Amino acid sequence: MSAPTPASFFAIVSNAADGDLAVFRVDASTGRIECIARHPAGEAVMPMALSADGSVLHAATRAAKRTIVTYSVDSRTGGLTRLRTTSIASSLAYLSLTPSGAWLLGASYGEHSVSLYRAVDVHAHAHVEPVQVIDGIEHAHSIVASADGRFAYVASLGSDTVSCYAIVERAADARLELVQTVRVEPGFGPRHLRFSPDGETLYVSSEFRATVAVFARDAETGTLTARSIAPRAPALAHLHDGRARPLAAGSAGAQVDPSTLVWAADIQLTPDGRFVFVAERTTSRLIGYRVTDHGTLEYAGYTDTETQPRGFRIDSGGRFLIACGEQSTHVAVYAIDAGSGALAMLSRCEGGRGANWIEIIPQTQPTPCTTSAEPTH
Numbered sequence: 001m002s003a004p005t006p007a008s009f010f011a012i013v014s015n016a017a018d019g020d021l022a023v024f025r026v027d028a029s030t031g032r033i034e035c036i037a038r039h040p041a042g043e044a045v046m047p048m049a050l051s052a053d054g055s056v057l058h059a060a061t062r063a064a065k066r067t068i069v070t071y072s073v074d075s076r077t078g079g080l081t082r083l084r085t086t087s088i089a090s091s092l093a094y095l096s097l098t099p100s101g102a103w104l105l106g107a108s109y110g111e112h113s114v115s116l117y118r119a120v121d122v123h124a125h126a127h128v129e130p131v132q133v134i135d136g137i138e139h140a141h142s143i144v145a146s147a148d149g150r151f152a153y154v155a156s157l158g159s160d161t162v163s164c165y166a167i168v169e170r171a172a173d174a175r176l177e178l179v180q181t182v183r184v185e186p187g188f189g190p191r192h193l194r195f196s197p198d199g200e201t202l203y204v205s206s207e208f209r210a211t212v213a214v215f216a217r218d219a220e221t222g223t224l225t226a227r228s229i230a231p232r233a234p235a236l237a238h239l240h241d242g243r244a245r246p247l248a249a250g251s252a253g254a255q256v257d258p259s260t261l262v263w264a265a266d267i268q269l270t271p272d273g274r275f276v277f278v279a280e281r282t283t284s285r286l287i288g289y290r291v292t293d294h295g296t297l298e299y300a301g302y303t304d305t306e307t308q309p310r311g312f313r314i315d316s317g318g319r320f321l322i323a324c325g326e327q328s329t330h331v332a333v334y335a336i337d338a339g340s341g342a343l344a345m346l347s348r349c350e351g352g353r354g355a356n357w358i359e360i361i362p363q364t365q366p367t368p369c370t371t372s373a374e375p376t377h
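For the sequence shown, counting from 1, position 254 maps to 254 in the working numbering; every step adds exactly one.
For the record, the hints were derived by calculation from the structure and aren't laboratory data. Being a predicted model, the structure only gives us computed values, none of them experimental. From the three backbone atoms N, C-alpha and C, an ideal C-beta is built for every residue, glycine too. Accuracy of the hints is not assured; some may be wrong.
As the list claims (entries may be wrong) - Derived pair list, reagent style SDA-like, types lysine to any residue, alpha-carbon separation capped at 20 Å: (1) Lys65 to His39; (2) Lys65 to Arg84; (3) Lys65 to Pro40; (4) Lys65 to Ala89; (5) Lys65 to Gly110; (6) Lys65 to Asp121.
As the list claims (entries may be wrong) - Label pairs and their in silico Cβ distance ranges: (7) Ala344 to Gly136: 41 to 49 Å; (8) Asp272 to Arg76: 21 to 29 Å; (9) Ser72 to Thr260: 39 to 47 Å; (10) Ala344 to Gly158: 32 to 40 Å; (11) Ser228 to Asp74: 38 to 46 Å; (12) Glu177 to Ala7: 33 to 41 Å; (13) Asp148 to Arg82: 27 to 35 Å; (14) Glu169 to Gly295: 25 to 33 Å; (15) Gln327 to Arg38: 13 to 21 Å; (16) Thr260 to Asp337: 28 to 36 Å.
Let the sequences and hints guide you as you build the complete structure.
Below, the structure written as structure tokens:
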């Protein structure tokens, strides 16, 4: 009996400098990538949030005109249809959805806050105000909801903390209520968050060291317990710890050459939970970690990638990693070795300028048409 043909998929990349979303198709039998469409979105389009069923995509723009642009997604063709452009007040460095799709969560780095939006309002109105804003979260860089939709976790790069909030829904209303705030090492710079497949572990990337903090997570209470921190990658030994950016003119940080500082970005896990990857922008490398039997992380190697990689994604089958770079106009596809986690480039494709965020949508096959026999009389 022959093995089933692996599913091909679409990769959607937001291009901040071009102000559009590029749609790519990746052939899962070969790893070949091709660009099939470009869709205008808005100046400085950056974070995206995809609904759990892959049918709705939200993208936030961060220029003078701040918006959330909503698209419907055709998973058969990769087509995007713009449904609404909604203006908002905040510049969102991160955008995510609760699993139900009812609530949008945003983190604002410059405004030191997180916000909660009712998705139905974003879909229906030209301008929306958040139903809740929580201020005082220094350089809030990401916010993600747990798989059961009961908790949201926030990384505060400026205060070296990760916070857990309960998502409390009452009728058509919801609120984020603080459950716990935990600290990481001073100077760690927590940036992005990812759950293990079973939801029992939370991984936190360090922008300033490109390491990963590992927390055990209590699914019932949402609380976190520090477990370990991954070792510093030898491939970054020549760099100093990073600092919050932009480096303000006249500050001590402004006197430091940025090319000598670690500047990590996104974090992703393989679907089987065996490997963790972090993007490091100064060296343009993807740093790999292996999850040990004890739940700690050990360094597994690095791969050179597109220049200044901010975002990357792993397909749902765990076979491919797709990476883009803010200073590259190409998008690359890598095969992931299931045993070692090593990456091997398969293909590259011309993309756009300022590429920074990727979402992946499995390609579905058209439903075959069926005809019934004419009734006899």
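Going through the hints against the structure:
Taking the CA atoms of Lys65 and His39, the gap is near 18 Å; set against the 20 Å cutoff, the hint holds. Restraint check for Lys65 and Arg84: the C-alpha separation of about 15 Å stays at or below 20 Å, so the hint holds. The straight-line distance between the Cα atoms of Lys65 and Pro40 is roughly 14 Å, inside the 20 Å bound, and the hint therefore holds. This hinted pair checks out: Lys65 and Ala89 have alpha carbons roughly 9 Å apart, not beyond 20 Å.
With a CA separation close to 15 Å, the supplied pair Lys65 and Gly110 stays within the 20 Å bound. A distance of roughly 19 Å separates the Cα atoms of Lys65 and Asp121; the hinted pair therefore holds under the 20 Å criterion. Checked against the given bound of 41 to 49 Å, the beta carbons of Ala344 and Gly136, roughly 45 Å apart, stay inside it. Our hint of 21 to 29 Å for Asp272 and Arg76 holds, since their Cβ atoms are close to 27 Å apart.
Range check, Ser72 to Thr260: about 45 Å between beta-carbon atoms, so the 39 to 47 Å window is met. At about 37 Å, the CB distance of Ala344 to Gly158 agrees with the hint of 32 to 40 Å. The supplied range of 38 to 46 Å is met by Ser228 and Asp74, whose beta-carbon atoms lie about 43 Å from each other. Roughly 39 Å separates the CB atoms of Glu177 and Ala7, a value that falls within the hinted 33 to 41 Å.
Distance hint for Asp148 and Arg82: a CB-CB separation of about 31 Å, consistent with the stated range 27 to 35 Å. Checked against the given bound of 25 to 33 Å, the beta carbons of Glu169 and Gly295, roughly 32 Å apart, stay inside it. Gln327 and Arg38 have their C-beta atoms about 19 Å apart, which keeps the hinted 13 to 21 Å range intact. Hint check: Thr260 to Asp337, Cβ distance near 32 Å, so the stated range 28 to 36 Å holds.
Of the hints listed earlier, there is not a single one the structure fails to meet.
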